[in-house]
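Engineer: Each chain, letter by letter, is given below.
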Amino acid sequence: MRRRDLLKKMIVAASTFGLASVPYAIGRLMVPLTTFDFSNHLRPPGALVNEDDFIRACIGCGLCGEVCPPRCILFEKREGGNGVNTPYIDPELKACILCQKCMDVCPTDAITKIDIHEVNMGLAQIDRTACYPWVDRGICGACVNICPLGEKAIAFEFANMYRPYIKEDGCVGCGICVEVCPHPSLPIRIVESVQGTVTRHNA
Amino acid sequence: MNNNIKPFFLWRHLNKLRWVVLSIVFLMLVLLPFIHVYQTFVASFSYDLLDESEKFLFDIMEAITSPFVDDPAQELDAIKGTTWSGNFFGYQISDPLAVIGQLAASMSIYWPFVLTALVPVIFTVVFGRFFCGWICPANFLYELNTIVSLWLQDLGIRAGHRKLDRRMKYLVLAIGLGLCVISGSVLISIIYPPAIIGRELYFAIALGGFGSGLVFFILTLLFDLFVSRRGFCRYICPGGALYSLLGRFRMFRIKRIVDNCNDCAKCNAVCEFGLDPLHDDFGQECNNCTACIAVCPTDAMTFVVKIKDEGNQGPGHLGKQYIRLNQVQGKQDAAT
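Just so you know, the protein sequences line up as chains A and B, in that order. Under this note's numbering, residues 408 to 610 are what the first sequence spells out, in order. Under this note's numbering, residues 4 to 339 are what the second sequence spells out, in order.
Calculated from the structure, these hints are not laboratory results. Quick caveat: nothing in here was measured; it's all calculated off a predicted structure. Cβ coordinates follow ideal geometry from the N, Cα and C atoms, glycine included. Fair warning: there could be bad hints in the mix.
Below 20 Å or equal to it, Euclidean Cα-Cα: the simulated EDC-like pairs (lysine to aspartate or glutamate) are [unchecked claim]:
hint	chain 1	residue 1	chain 2	residue 2
1	A	K508	B	E78
2	A	K520	B	D80
3	A	K559	A	E525
4	A	K501	B	D54
5	B	K309	B	D336
6	A	K415	B	D168
7	A	K501	B	E57
8	A	K508	B	D80
9	A	K508	B	D74
Not everything, but these chain B residues come out facing chain A in the computed CB check (under 7 Å) [claimed, not checked]:
hint	residue
10	A46
11	S49
12	A66
13	T68
14	A81
15	W87
16	A101
17	S109
18	T119
19	L174
20	I178
21	I194
22	R202
I would like the entire structure built from these sequences, with the hints used as guidance.
Structural biologist: In C-alpha cells:
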C-alpha cells in the first residue's frame, strides 16, 4: 500500500468517525453540566447508593416515574450530566411517600426492592435557628405529623415547647417533611447521610 | 403470460394493519401519561380541589377506564412504560438496544433485565427489522413527515435526496456503545428516537414541559426533510443498526414474483427505506413494512419463508424490456 493511499484512508476513517459522533455531540451539547445540589436532587427510595453505580444501571426508561402515585419523580434534563434522564425527587416541589411502587417496577434493579426502614435517600436536618417551635414563634408539628415512618424517624422533645428533632437512625430522607414545612425559608432539608447533621455551608 | 402465481390476498392489506398498529402504539404513548395523571388524582382523593381542566381530564379518564377497572390506583398499572422499556400485564419488555447499552455501561450482566429483551429479539430474528416498521413511534412520525416532504415538493421546495453510506449507522452504534462504556451511562438513549418520543411525551403530559430530546427530534425531522428522505432511520439510527444485524438471517422475507412484475417501479418509489425491490435488493435493512406489496398493481410482491434473499432475477416478465427481449429472441429463433 502506498503512503498516499494510507493517508487517504486514514483521513476518510477519521472524518467518518467524526461524522458518526455528531449525534452524540449534539445530544451532549444539549445537556451541559451545571452545579448539582443534593438537597433537592434525591434519588428515589431503594436507588443504588453509589451515584456512579446508579447511573450505570439506570436506562432512563421512566417507569419509576410512571407508577409514582404522588408524581414526585422527576427526570434529570440539563442538570444531570452523564445521569441525563435518570430519576430524582425534588422534595421542595413534591416528596416521596415511600409507597415502594418504583422498587417493584424498575427493570434493571437500579431501584432495588428493600424494606422502607433500610431506604437511604439522605437524612433530614432541622435548622434550629429558623424552625418555629425552636425559636419560640409558635406551635408547629407538621413534619412530625406527616412522617411516614412516624416515631422512628422524627419526634417531639419538650423543652419550653414541643420541638421536633430527627432521629438519625430512623430517618431515611424521603423529604415529605420538607414538602409540608410551612416556614418560607425551609428550616428542614435533606442532607447526605454521611454528612451527619452538621449544617452544610454552601459557598 | 403466467398469471397462475398469486400472492395470498391478506398480504396486500398488511400495510393497513401496520398503520393501525403504529397508531395504536403512538396513541398509547399519549394515553399512558394521561392515565398516570388520572391515577395520581385518584390516589390523592382530591376531586373537589382540582382545577376545571383537571376535573375535565378526570371525568374523561374515568369514562374511558371505568368499564375495565374497579380500582384505578392499582389496576391501571398493568400497562406502563414506553417502547424503550415497559410493563405489559406483568411481562417486562425492553428494547434490545436498552439491554446492550446497559450491558456496555455497567459491564456486568443482570439476567432478569437481559431476559426482558428476549421476546423482541426472537421476533426480530424471525421477522427482521419489524420494530422499525411496525411499532416504532418515531417511525410513525417520520412516515407522516414523508408526506410533509411531498407537500413541500408541491410548493416547489426541494426535499433532500442525498445518498450517504448505509453502513454509517453501524458505526454510530459502535461508537455509541463505546461512549456508553467510557461514560458509564446509557447515553445511547439520547439519540434513539423511539426512546426520545416516549420520554418526551411523558415529560410534556405528566411533568409539564418538553425536555431537550424534542429539539434533537425536530433536528432529525429537518434532516429527513432537507438532507435525505428517511435519512435518520437509514443512515444514523443505532437501534435500526442493531435490528438490522439481528434480522440479517430472518425467516420471513418479501420476494418479487418475476412473472407478474411489469417493471413499474412503484415499489421503489414507495419504499421508505430507499431499498430497491425492483431489482430484488432487500438485504438486511428491509423492515417488512409491506408497503411495496400493498402498492404493487400486478400482485408481484409476496411474503416467503426463506433464509436468504434471491439475487437479481432480471426484468419483470410483463415489462417492456423483457417482452422486447423475448421478441428479439423469438425473431432469432424464427430466423434459425
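Engineer: Now, for every hint given, state plainly whether the structure supports it.
Structural biologist: Tested hints:
Proposed proximity of A/K508 and B/E78 is supported: the alpha carbons are some 13 Å apart, at most 20 Å. As the CA atoms of A/K520 and B/D80 are separated by approximately 17 Å, the hinted pair is consistent with the 20 Å bound. As the CA atoms of A/K559 and A/E525 are separated by approximately 12 Å, the hinted pair is consistent with the 20 Å bound. At most 20 Å may separate the alpha-carbon atoms for a hinted pair to count; A/K501 and B/D54 meet this at roughly 18 Å.
Our distance criterion of 20 Å between C-alpha atoms is broken by B/K309 and B/D336, whose separation comes to about 37 Å. For the proposed pair A/K415 and B/D168, the alpha carbon gap of about 17 Å is at most 20 Å, so the pair holds. Only pairs whose Cα atoms come within 20 Å are accepted, and A/K501 paired with B/E57 is accepted, the gap being roughly 18 Å. Annotation: proposed proximity of A/K508 to B/D80 holds, straight-line Cα distance about 10 Å (limit 20 Å).
Among the hinted pairs, A/K508 with B/D74 is consistent with the structure: their alpha-carbon atoms are about 16 Å apart, no more than 20 Å. Annotation: interface hint on B/A46 holds; nearest CB of chain A at approximately 4 Å, less than 7 Å. Interface hint status for B/S49: violated, as the beta-carbon distance to the closest one in chain A is roughly 11 Å, over 7 Å. Because the smallest distance between the Cβ of B/A66 and any Cβ of chain A comes to about 21 Å, over 7 Å, the interface hint for this residue is violated.
Look at B/T68: its Cβ only gets to about 15 Å from chain A, farther than 7 Å, so that hint breaks. Because the smallest distance between the Cβ of B/A81 and any Cβ of chain A comes to about 11 Å, over 7 Å, the interface hint for this residue is violated. Annotation: interface hint on B/W87 holds; nearest CB of chain A at approximately 5 Å, less than 7 Å. With a least beta-carbon distance of about 5 Å to chain A, the hint placing B/A101 at the interface is held under the 7 Å criterion.
Checking B/S109 against chain A by beta carbon gives a least distance of about 4 Å; that is within 7 Å, so the hint holds. Restraint check, B/T119 versus chain A: the minimum CB separation of about 6 Å is within 7 Å; hint holds. A hinted interface residue such as B/L174 counts as satisfied when its beta carbon comes closer than 7 Å to some beta carbon of chain A; here the least separation is about 4 Å, so the hint holds. Because the beta carbon of B/I178 sits about 5 Å from the nearest beta carbon in chain A, less than 7 Å, this interface hint is met.
For B/I194, the interface hint holds, since its Cβ comes within 7 Å of a Cβ in chain A; the closest pair sits about 4 Å apart. For B/R202, the shortest C-beta to C-beta distance to chain A is roughly 6 Å, which falls under 7 Å, so the interface hint holds.
Of the numbered hints stated above, those contradicted by the structure are hints 5, 11, 12, 13 and 14, listed in ascending order.
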